[in-house]
Amino acid sequence: MIRIANLTVMRGTKPVLTDLSLRFGHGGITALIGPNGAGKSTLLHAIAGLLPATAGQVEVEGRDVARIRPEERARLVALLMQSDRVTARLTVEDLVSFGRWTYHKGRPTARDREVIAEALSQFDLEGLASRQIDSLSGGQRQRAFVAMAWAQETPWLLLDEPLAALDPRHVRDLMERLHGMSRPGEGQRSIIIVMHDLPAAARYADRIIAMKDGQIVTTGPRQLKMTGAVLSDLFETGLDVVQVGGGDTVVPA
Amino acid sequence: MKPVTLWLTAGLILAALICASVLIGAASLFSGDVDGGLLIAVSRLPRTLAALLAGAGLALAGVVVQMAVQNRLVEPGLVGTPEAAMLGLLAVTLIAPGASMMVKMSVAAAAALVGTLCFMVLARHVPRRDPVLLPLVGLIYGGILGAAALWVAWTTDLVQYLGTWMSGEFSGVLAGRYELLWIVAVLAPLLYLAADRITLLGLGEDAARSLGLNYRQTLLAGLLLVAIITAAVVVTVGAIPFVGLVVPNIISRLRGDNLRRNLPLTAWLGASAVLACDILGRLIRWPYEIPAGTIFAVFGAGLFLWLLNAAPRRAHA
Amino acid sequence: MPLRDVHMPDRRRLIPLALMLTGLAALFLAWNLKAPVEFILTLRVGKLASLVVVGAAIGAATVIFQTLTENRLLTPGIVGFDALFVFIQTALVLLFGGSVQAAIPPLLQFIAEAACLVAVSLALFTLLLRRGAGDILRMVLTGVILGIFLRGLTSFAQRLLDPSEFAIVQQASIASFTAVNSQVLTIAGVTLILALGAALWLAPSLDAAGLGRQTARGIGLDHDKVVLAGLSLVALLVALSTALVGPVTFLGLIAASLAYRFCGTWRHAVLIPAAALIGAAILLAGQFMFERLLGLQSSLSVVVEFLGGLLFLFLLLRRSAR
Chain A
1 MIRIANLTVM
11 RGTKPVLTDL
21 SLRFGHGGIT
31 ALIGPNGAGK
41 STLLHAIAGL
51 LPATAGQVEV
61 EGRDVARIRP
71 EERARLVALL
81 MQSDRVTARL
91 TVEDLVSFGR
101 WTYHKGRPTA
111 RDREVIAEAL
121 SQFDLEGLAS
131 RQIDSLSGGQ
141 RQRAFVAMAW
151 AQETPWLLLD
161 EPLAALDPRH
171 VRDLMERLHG
181 MSRPGEGQRS
191 IIIVMHDLPA
201 AARYADRIIA
211 MKDGQIVTTG
221 PRQLKMTGAV
231 LSDLFETGLD
241 VVQVGGGDTV
251 VPA
Chain B
1001 MKPVTLWLTA
1011 GLILAALICA
1021 SVLIGAASLF
1031 SGDVDGGLLI
1041 AVSRLPRTLA
1051 ALLAGAGLAL
1061 AGVVVQMAVQ
1071 NRLVEPGLVG
1081 TPEAAMLGLL
1091 AVTLIAPGAS
1101 MMVKMSVAAA
1111 AALVGTLCFM
1121 VLARHVPRRD
1131 PVLLPLVGLI
1141 YGGILGAAAL
1151 WVAWTTDLVQ
1161 YLGTWMSGEF
1171 SGVLAGRYEL
1181 LWIVAVLAPL
1191 LYLAADRITL
1201 LGLGEDAARS
1211 LGLNYRQTLL
1221 AGLLLVAIIT
1231 AAVVVTVGAI
1241 PFVGLVVPNI
1251 ISRLRGDNLR
1261 RNLPLTAWLG
1271 ASAVLACDIL
1281 GRLIRWPYEI
1291 PAGTIFAVFG
1301 AGLFLWLLNA
1311 APRRAHA
Chain C
2001 MPLRDVHMPD
2011 RRRLIPLALM
2021 LTGLAALFLA
2031 WNLKAPVEFI
2041 LTLRVGKLAS
2051 LVVVGAAIGA
2061 ATVIFQTLTE
2071 NRLLTPGIVG
2081 FDALFVFIQT
2091 ALVLLFGGSV
2101 QAAIPPLLQF
2111 IAEAACLVAV
2121 SLALFTLLLR
2131 RGAGDILRMV
2141 LTGVILGIFL
2151 RGLTSFAQRL
2161 LDPSEFAIVQ
2171 QASIASFTAV
2181 NSQVLTIAGV
2191 TLILALGAAL
2201 WLAPSLDAAG
2211 LGRQTARGIG
2221 LDHDKVVLAG
2231 LSLVALLVAL
2241 STALVGPVTF
2251 LGLIAASLAY
2261 RFCGTWRHAV
2271 LIPAAALIGA
2281 AILLAGQFMF
2291 ERLLGLQSSL
2301 SVVVEFLGGL
2311 LFLFLLLRRS
2321 AR
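Chains as they are written, first to last, in my numbering: chain A, 1 to 253; chain B, 1001 to 1317; chain C, 2001 to 2322.
No wet-lab data here; the hints were simulated from the structure.
Computed from a predicted structure; not experimentally measured.
We treat Cβ as the ideally placed atom computed from N, Cα and C, and that holds for glycine.
Watch out, some of these pointers could steer you wrong.
Cross-link-like lysine to any residue pairs, in silico, SDA-like; alpha carbons within 20 Å at most [claimed, not checked]: (1) LYS212/A <-> GLU161/A; (2) LYS2225/C <-> LEU50/A; (3) LYS225/A <-> ALA253/A; (4) LYS1104/B <-> MET1166/B; (5) LYS105/A <-> ALA2229/C; (6) LYS2034/C <-> GLU2291/C; (7) LYS14/A <-> THR54/A; (8) LYS105/A <-> VAL2227/C; (9) LYS2225/C <-> PRO2204/C; (10) LYS105/A <-> LEU2228/C; (11) LYS105/A <-> ASP2010/C; (12) LYS2225/C <-> ARG75/A; (13) LYS105/A <-> ALA2198/C.
Now the in silico label distances, taken between C-beta atoms and shown as ranges [to be verified]: (14) GLY2097/C <-> LEU1006/B: 45 to 51 Å; (15) GLY138/A <-> VAL1121/B: 34 to 40 Å; (16) GLU126/A <-> ARG1128/B: 42 to 48 Å.
These stretches of chain C come out as covered by chain B in the derived footprint (C-beta under 8 Å, 3 or more residues) [to be verified]: (17) 2140-2149; (18) 2152-2160; (19) 2301-2314.
Given only the sequences and the hints, what does the whole structure look like? Please build it.
Here it is as structure tokens:
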């Protein structure tokens, strides 16, 4: 479980998150939605322990993320970031292998290799394994980074706009995979995703958290909270949620 | 500040600096051991004038270079001009050791012009979008010319000469050995008359052309001026880095970018700053001296670091 | 041939480099060797050792530094680390006087100076260089001007010294590969071996740091600790090379660029030794050419600077053209 209590994060003198309290239970996909600058990415970074809290605290599985050693933290929470500028020239397989870094520290064991191979196949990357990262398309690269985060084998998987550079087919593939691995069973992951793709959120999320100006607007099960009224208010433009072919989607009102 | 009060303040500061410069030195004017009048006429006054002229000249040259490449983060010292002048000086010292100062300076100025023009050609290939790139290229370009000069000097046993050209120092200035610097006093009014054209230069080739400026001719004239001033300073007192960078930036921050109004102020600040550094250099380790160039390099580089990092950045969140 | 394990460093590329360096060393020692053989050989071995130590130290330091700054244009020399070292030396003489300095054994003195360098460079790194990490060119320019600033400060401080003390310091501030104190050389050699060992131990962490600070922290790297360790190593390596021969700005850039090209890997377990071997080989080959073939003295560092400057310009413009 993740418990956030009275969290405030400042960037310089400007508060990005103010006095935010929240709980996440295990399993399922939580979609973080909200306009640009709402503080969604900051929240993910704070949960992953990569941004210091100005006030308040974040607990993952009962442990304060500010106090866990980095190696242990990386076995609890994996974070896919928006910017993925890499100076070194790595292959896809090298990159995914870095997801296991906290376990192998540069000397992968048989178990590590197994997970790496599994990650490559999970995200449809086997054919690209020996390609250089900088020779890939944006969508392929995005998948490689998701695979790296997945390979960390953390109970919590945080993804900051993983759908950004993906075409519709890969959006569907990725979301179905994430959906599958967040169902109860062995190796279940709890997934939190920052998304701007509202139709995808409407289709796959179990829970939504709507954020604006560093605060939570509303949170709850997607079926109850993802409504035309909430979205229109959140994004300050007319939006509606409609049923299409057995699933929800979002359309301009 | 009103123009009158501004100029009054500037004049007072300058007068105070000049008085201090004439009075301060290793030998006392009033002890009676030396003829005070002679000391002033032969050493102190020439020294003071040399600092003023060099400072004003370098600051003005800085303005011209900044306009010519449309980049506020460069100055002659950051585009290889002094190093090119030194190469010219080395050549003339090797080929015609007995040549007069005037000949040496002309050759140095010619070399400086060629070096600066080469930089301009190089600058055309440097992408404009990042203002920080050009000074870097200039620094390295200057470094390469400097290494070449050092190598020539090394193989021909002229390293000592190179040393005096490289570090700006006024302690060696005596009557009869600095007069070349008066060329600054001749060139400065010309620059003032051409202020509007130099401003146009700063708009870039296309804009300047469309406003009816003969771009190439103006550019060449401007760079010639820069080359002559730099060569004169290098020959007489040695290079003083950062004057041409820091002074125009300070003036432009305080007073905006109207060149015609600001050129006199720029010259004033350059002159005062260099003279102040020279006086400081005489006081810190009295009775020994620290070269004004060294002091200015420390202040100038410090200020540049500040300009670079405190300057309003392009918005990138 | 069995398939290479993609998950482990491939060190085979180091073999030709090591062979090349050995060959160069042999050539350097044996070329035109005349009587008195023993005397000349001793002389040459000393010179060989100092060239190799300096080249290796600078090559390795540059690779580590470029990874920590996430920038393949910077070298410790460009940013003024060596200037900082000379400045610290000067400041120590200024504070305690030349006679006190002469009384301290060289080893202790070296350790004290290197420790100061580590502390000051860490402060500068976090203050100036890290802050602009997103803006690479601004960071490079800041580094270069910082170097000029430190050199200015050094010559300023040197002017404050007595002429006799000034001479002590000035010896250290011009790169020369000809006269090196054998005691200092021993200290430097041992330090180099220890530092290279530590660098190899740190290599996997540096690999992870190569992903960039954010990502590296995401996968569980204690990035601040790696920066601390890596920068300390860089400072130590720069200190020992500067103590031996004085500042060399661009050699590291050449060595590191060649190492990336030649090895085609991101693994520091390969890159660091490769850059060390290449750095040493460049200095050795250069000195051999200049001294033995062209009969020129002490101009090697100038030529290395010249070529390194050209390489820097090339890398800079190519990077910006993209």
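Here's how the hints hold up against the structure:
In summary, the hint linking LYS212/A to GLU161/A is supported, as the alpha carbons are separated by about 17 Å, within the 20 Å threshold. Straight-line distance between C-alpha atoms of LYS2225/C and LEU50/A comes to about 15 Å, which keeps the hinted pair within the 20 Å bound. A distance of roughly 17 Å separates the Cα atoms of LYS225/A and ALA253/A; the hinted pair therefore holds under the 20 Å criterion. A threshold of 20 Å between alpha carbons decides the hint, and for LYS1104/B with MET1166/B the separation of about 16 Å falls inside it, so the pair holds.
For the proposed pair LYS105/A and ALA2229/C, the alpha carbon gap of about 16 Å is at most 20 Å, so the pair holds. At most 20 Å may separate the alpha-carbon atoms for a hinted pair to count; LYS2034/C and GLU2291/C meet this at roughly 16 Å. Distance hint between LYS14/A and THR54/A is fulfilled; the C-alpha atoms sit about 11 Å from each other, no more than 20 Å. Of the pairs offered as hints, the one joining LYS105/A and VAL2227/C holds, with about 17 Å between alpha carbons and a cut-off of 20 Å not exceeded.
For the suggested pair LYS2225/C and PRO2204/C, the alpha carbons sit about 13 Å apart, so the restraint of at most 20 Å is met. Distance check on the hinted pair: LYS105/A and LEU2228/C sit about 18 Å apart at the alpha-carbon level, within 20 Å; holds. Distance check on the hinted pair: LYS105/A and ASP2010/C sit about 17 Å apart at the alpha-carbon level, within 20 Å; holds. Our distance criterion of 20 Å between C-alpha atoms is met by LYS2225/C and ARG75/A, whose separation comes to about 19 Å.
Between LYS105/A and ALA2198/C the CA atoms are separated by roughly 15 Å; this keeps the pair inside 20 Å, and the hint holds. Distance hint check: the CB atoms of GLY2097/C and LEU1006/B are about 48 Å apart, consistent with the given range 45 to 51 Å. Between GLY138/A and VAL1121/B the beta carbons are some 37 Å apart, a value that agrees with the proposed interval 34 to 40 Å. Take GLU126/A and ARG1128/B: their Cβ atoms lie about 44 Å apart, and the range 42 to 48 Å holds.
Requiring three or more residues with a Cβ within less than 8 Å of a Cβ of chain B, the coverage given for the region 2140-2149 of chain C holds, as 8 such residues are present. A stretch counts as covered by a chain when three or more of its residues have a beta carbon under 8 Å from one of that chain; for the region 2152-2160 of chain C and chain B the count is 6, and the coverage holds. Evaluation of the coverage hint for the region 2301-2314 of chain C: fulfilled, as 8 residues show C-beta separations to chain B shorter than 8 Å, against a requirement of three.
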